[in-house]
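If you're matching them up, the sequences are chains A and B in order.
When we follow full-length UniProt numbering, the leftmost residue of the first sequence carries the number 1, and every step to the right adds one.
When we follow full-length UniProt numbering, the leftmost residue of the second sequence carries the number 1, and every step to the right adds one.
Worth flagging that the hints you see were computed from the coordinates, not collected in a lab.
Treat the numbers as computed from the prediction; the structure is a model and nothing was measured.
Hints are not guaranteed to be accurate.
Which copy is meant is left open, so a pair is good if it fits within one copy or across any two.
Unchecked claim - Straight-line distance between alpha carbons at most 30 angstroms, and here's what the computed DSBU-like set of lysine-lysine pairs gives: (1) K82 with K151; (2) K205 with K44; (3) K133 with K34; (4) K44 with K133; (5) K34 with K82; (6) K40 with K112; (7) K151 with K205; (8) K82 with K61; (9) K133 with K40; (10) K144 with K61; (11) K175 with K205; (12) K133 with K111; (13) K205 with K111; (14) K61 with K175; (15) K61 with K133; (16) K195 with K133.
Number of protein chains: 2
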Amino acid sequence: MAEDMLLFWASGSPPCWRVMIALEEKNLQGYKNKHLSYEKNEHKNPDVLQINPRGQIPTFKHGDVVVNESIAACLYLQNPFKSQGTQLMPDSVSQQALVLQRMLEAEALQKKIYDVLFYEYYVPEAERHESLKLWESYLQQMGKGSYLTGKDFSLADVAMFPDLAYLPRFGTLRKERYPRLMEYYEMVKERPSVKASWPPTWREKEKEQDTLKDL
Amino acid sequence: MAEDMLLFWASGSPPCWRVMIALEEKNLQGYKNKHLSYEKNEHKNPDVLQINPRGQIPTFKHGDVVVNESIAACLYLQNPFKSQGTQLMPDSVSQQALVLQRMLEAEALQKKIYDVLFYEYYVPEAERHESLKLWESYLQQMGKGSYLTGKDFSLADVAMFPDLAYLPRFGTLRKERYPRLMEYYEMVKERPSVKASWPPTWREKEKEQDTLKDL
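Isolated chain A (complex conformation) (with noise of 0.2 angstroms):
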């Protein structure tokens, strides 16, 4: 079925991860792929950059169809294959609007996170717990036992899942803090998409070193 699909991965690459849980949502299991190691450089290689000119992974393809940023490849997938698998967007009006919104706020989020984690940024204290604090209400706001944006999965928690994996894999999300936060990672983390698609690397070593100590 999704033997016309094609992507180029890292393990634990949010932006990565956000098109496999789509695809595994849509039960487009079964598509071509390569692991890639940023260590090797390998985003880099010519096959990758043959398809996408910036050298940049995820690389998506389907059929002819090349689609390489996170979300305009999940935002693709709703379309052909909107009557299969779990329906991501929503059909009300104004709930698309909540789902976008929070898609491409989690967008926004990655950066931040990525940034303290990978490049020493400085991103104040305070600052993170803001972030951290905004989405815990959102959370609230709906309600105890929901998704991101009501009762359903949507994109938004497509986009949104894999960077919040990394606050507990790399420091401690403190329960007493982020209440929804951490039962909204415990609930997401055992649907079958995301388990489909947790990070190979991650399986191997359980957790990294407290980067962001305790939050």
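Take the given structure of chain A and dock chain B to it, following the hints.
Positioned in the frame of chain A, the structure of chain B alone reads:
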């Protein structure tokens, strides 16, 4: 018609400008709006924070719907106003893919241009040229007189043009080096939606200091 809409914006901010172009293209003139000044820190005003706790602009509201990520807002408008004004998202699935890809790619380009202009973040000369050459090649592929994704103006152009407009404003974009980009710039600049939303502060002062030198 657009009286149930409210936009907080700043002059020349590419994310704000995107939303303003999209509104014009969708014939949604007459929306309520407030022109804010970054210099005076007005994006942290209580009336902004009430709608957008992150204190960022654009902040956009349509009835009870709040969308304040520029790409999300542009995408959002396509559904409730599908049959009104310019069709900015094509019906064809493969064209949708291209529009989404370029749109999100423009967001990445914007961050890079901003970093260079305002945060004195060092992006090597060669890398700057690489980015621009890529966009030049996208336009080359589409042929003379085309927009970013083909013969029709689309959300990709809405997202990209405000980024591009910074280049001739803050420096020189050499026509011999980027003939299609400059041709494209001159063409889109004359579009009514772009003229109507042209940054008012740019009208007052025709050109900024040549921060970008000769690109």
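Hint by hint, here is what the structure shows:
For the homomeric pair K82 and K151, the shortest alpha-carbon distances inside one copy (19 angstroms) and between copies (27 angstroms) are both at most 30 angstroms. Taking the shortest Cα distances, K205 and K44 sit within 30 angstroms of each other inside one copy (26 angstroms), while across copies they are farther apart (43 angstroms). Proximity of K133 and K34 under a CA criterion of 30 angstroms is satisfied inter-copy only: 28 angstroms between copies versus 37 angstroms inside one chain copy. With identical chains, the CA atoms of K44 and K133 are at most 30 angstroms apart between copies only, with a shortest distance of 18 angstroms across copies and 37 angstroms within one.
In the homo-oligomer, the alpha carbons of K34 and K82 lie at most 30 angstroms apart inside one protomer (26 angstroms), although the nearest pairing across protomers, at 38 angstroms, exceeds that limit. In this homomeric assembly, K40 and K112 come within 30 angstroms of each other (Cα to Cα) both inside a single copy, at 25 angstroms, and across copies, at 25 angstroms. For a Cα distance limit of 30 angstroms, the shortest separation of K151 from K205 qualifies neither inside one copy, at 33 angstroms, nor across copies, at 51 angstroms. With identical chains, the CA atoms of K82 and K61 are at most 30 angstroms apart both within one copy (18 angstroms) and between copies (28 angstroms).
Proximity of K133 to K40 under the C-alpha cut-off of 30 angstroms is restricted to the inter-copy arrangement: shortest distance 26 angstroms between copies versus 37 angstroms within a copy. In this assembly of identical chains, K144 and K61 lie within 30 angstroms of each other by CA distance solely across copies; the values are 27 angstroms between and 38 angstroms within a copy. For the homomeric pair K175 and K205, the shortest alpha-carbon distance inside one copy (23 angstroms) is at most 30 angstroms, but the shortest distance between copies (53 angstroms) is not. When the C-alpha separation of K133 and K111 is checked against a cutoff of 30 angstroms, the pair qualifies both within a copy, at 17 angstroms, and between copies, at 25 angstroms.
Within a single copy, K205 and K111 get their C-alpha atoms as close as 24 angstroms, which meets the 30 angstroms cut-off; across copies the closest is 34 angstroms, which misses it. In the homo-oligomer, the alpha carbons of K61 and K175 never lie at most 30 angstroms apart, since the shortest distance is 40 angstroms inside one protomer and 33 angstroms across protomers. With identical chains, the CA atoms of K61 and K133 are at most 30 angstroms apart between copies only, with a shortest distance of 23 angstroms across copies and 37 angstroms within one. In the homo-oligomer, the alpha carbons of K195 and K133 lie at most 30 angstroms apart inside one protomer (26 angstroms), although the nearest pairing across protomers, at 40 angstroms, exceeds that limit.
When the structure is compared with the earlier hints, violations turn up for hints 7, 14 and for no others.
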